[in-house]
Amino acid sequence: QKEVEQDPGPLSVPEGAIVSLNCTYSNSAFQYFMWYRQYSRKGPELLMYTYSSGNKEDGRFTAQVDKSSKYISLFIRDSQPSDSATYLCAMSGPYNQGGKLIFGQGTELSVKP
Amino acid sequence: EADIYQTPRYLVIGTGKKITLECSQTMGHDKMYWYQQDPGMELHLIHYSYGVNSTEKGDLSSESTVSRIRTEHFPLTLESARPSHTSQYLCASSGPGHKSEKLFFGSGTQLSVL
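Chains as they are written, first to last, in this note's numbering: chain A, 1 to 113; chain B, 1 to 114.
Since the hints were made in silico from the structure, they are not lab data.
Cβ pair distances, simulated, as ranges:
{"id": "1", "chain 1": "A", "residue 1": "K2", "chain 2": "B", "residue 2": "S112", "range": "23 to 29 Å"}
{"id": "2", "chain 1": "A", "residue 1": "S12", "chain 2": "B", "residue 2": "T71", "range": "40 to 46 Å"}
{"id": "3", "chain 1": "B", "residue 1": "V52", "chain 2": "A", "residue 2": "P113", "range": "47 to 53 Å"}
{"id": "4", "chain 1": "A", "residue 1": "G59", "chain 2": "B", "residue 2": "E56", "range": "33 to 39 Å"}
The calculated lysine-lysine pairs, modelled on BS3-like cross-linking and capped at a C-alpha distance of 30 Å, are:
{"id": "5", "chain 1": "B", "residue 1": "K102", "chain 2": "B", "residue 2": "K57"}
{"id": "6", "chain 1": "B", "residue 1": "K18", "chain 2": "B", "residue 2": "K57"}
{"id": "7", "chain 1": "B", "residue 1": "K57", "chain 2": "A", "residue 2": "K42"}
{"id": "8", "chain 1": "A", "residue 1": "K56", "chain 2": "B", "residue 2": "K99"}
{"id": "9", "chain 1": "B", "residue 1": "K102", "chain 2": "A", "residue 2": "K42"}
{"id": "10", "chain 1": "A", "residue 1": "K42", "chain 2": "B", "residue 2": "K17"}
{"id": "11", "chain 1": "B", "residue 1": "K102", "chain 2": "A", "residue 2": "K56"}
{"id": "12", "chain 1": "A", "residue 1": "K42", "chain 2": "A", "residue 2": "K56"}
{"id": "13", "chain 1": "A", "residue 1": "K100", "chain 2": "B", "residue 2": "K57"}
{"id": "14", "chain 1": "A", "residue 1": "K42", "chain 2": "A", "residue 2": "K112"}
{"id": "15", "chain 1": "A", "residue 1": "K42", "chain 2": "B", "residue 2": "K18"}
{"id": "16", "chain 1": "B", "residue 1": "K99", "chain 2": "A", "residue 2": "K42"}
{"id": "17", "chain 1": "A", "residue 1": "K70", "chain 2": "B", "residue 2": "K102"}
{"id": "18", "chain 1": "A", "residue 1": "K2", "chain 2": "B", "residue 2": "K57"}
{"id": "19", "chain 1": "A", "residue 1": "K2", "chain 2": "A", "residue 2": "K56"}
{"id": "20", "chain 1": "A", "residue 1": "K67", "chain 2": "B", "residue 2": "K102"}
{"id": "21", "chain 1": "A", "residue 1": "K70", "chain 2": "B", "residue 2": "K99"}
{"id": "22", "chain 1": "A", "residue 1": "K56", "chain 2": "A", "residue 2": "K100"}
{"id": "23", "chain 1": "A", "residue 1": "K2", "chain 2": "A", "residue 2": "K67"}
{"id": "24", "chain 1": "B", "residue 1": "K57", "chain 2": "B", "residue 2": "K99"}
{"id": "25", "chain 1": "B", "residue 1": "K99", "chain 2": "A", "residue 2": "K67"}
{"id": "26", "chain 1": "A", "residue 1": "K112", "chain 2": "A", "residue 2": "K56"}
{"id": "27", "chain 1": "A", "residue 1": "K100", "chain 2": "A", "residue 2": "K2"}
{"id": "28", "chain 1": "A", "residue 1": "K70", "chain 2": "A", "residue 2": "K100"}
{"id": "29", "chain 1": "A", "residue 1": "K2", "chain 2": "B", "residue 2": "K102"}
{"id": "30", "chain 1": "A", "residue 1": "K2", "chain 2": "B", "residue 2": "K99"}
{"id": "31", "chain 1": "B", "residue 1": "K57", "chain 2": "B", "residue 2": "K17"}
{"id": "32", "chain 1": "A", "residue 1": "K70", "chain 2": "A", "residue 2": "K56"}
{"id": "33", "chain 1": "A", "residue 1": "K2", "chain 2": "A", "residue 2": "K70"}
{"id": "34", "chain 1": "A", "residue 1": "K100", "chain 2": "B", "residue 2": "K99"}
{"id": "35", "chain 1": "A", "residue 1": "K70", "chain 2": "B", "residue 2": "K57"}
{"id": "36", "chain 1": "B", "residue 1": "K102", "chain 2": "A", "residue 2": "K100"}
{"id": "37", "chain 1": "A", "residue 1": "K42", "chain 2": "A", "residue 2": "K100"}
{"id": "38", "chain 1": "A", "residue 1": "K42", "chain 2": "A", "residue 2": "K2"}
{"id": "39", "chain 1": "B", "residue 1": "K18", "chain 2": "A", "residue 2": "K100"}
{"id": "40", "chain 1": "A", "residue 1": "K56", "chain 2": "A", "residue 2": "K67"}
Bear in mind that the values here come from a model prediction, so they are computed numbers and not experimental data.
We put the beta carbon where it would ideally sit given N, CA and C, even for glycine.
Work out the full structure: start from the sequences and follow the hints.
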């Protein structure tokens, strides 16, 4: 069983829609939770970073962590065609693992104009 | 914007060849990593380094080797490439302390071994 599960999609939405991306995990020791965005033929770039439980908002993006359910989410409001990419969840812990992250397999998102 | 560079971007070679994938960063980061990514699959850590002359193997077994002679440079070498080595190789770096989970990735090298 994988430590991190992520629906690979693909997910197709119209421009302006609210997008919800999710990951579940099995290791209750994870403390650091991240979302990376990867455009085609590019490396991933960090989008959101959360330590422990709670919500974090940055512009149109909101990250949520529910440690009791071992479930994390990324919400994108007013989605744009430029949001079309693969979104990877990643996590580590319990202590600072120095960049040794466990990744989900990514969800491919397409936002149609 | 992150300054981490990988060369070549694409490489097609024959079986048995020795190859080196280059990775350099200009951010002065002590920590550097190599991840492997296959289509539709998770990134897997194959090597990491926490500083000069320090290298460790990651969770995914790999026949590749790495070296860290200079802070900014973290090359990956395959002594004898095989078709099973065909994959995307991503180099990354991160800063100290609580910033170390925040990885900066290069654009990757897509390796095809025929």
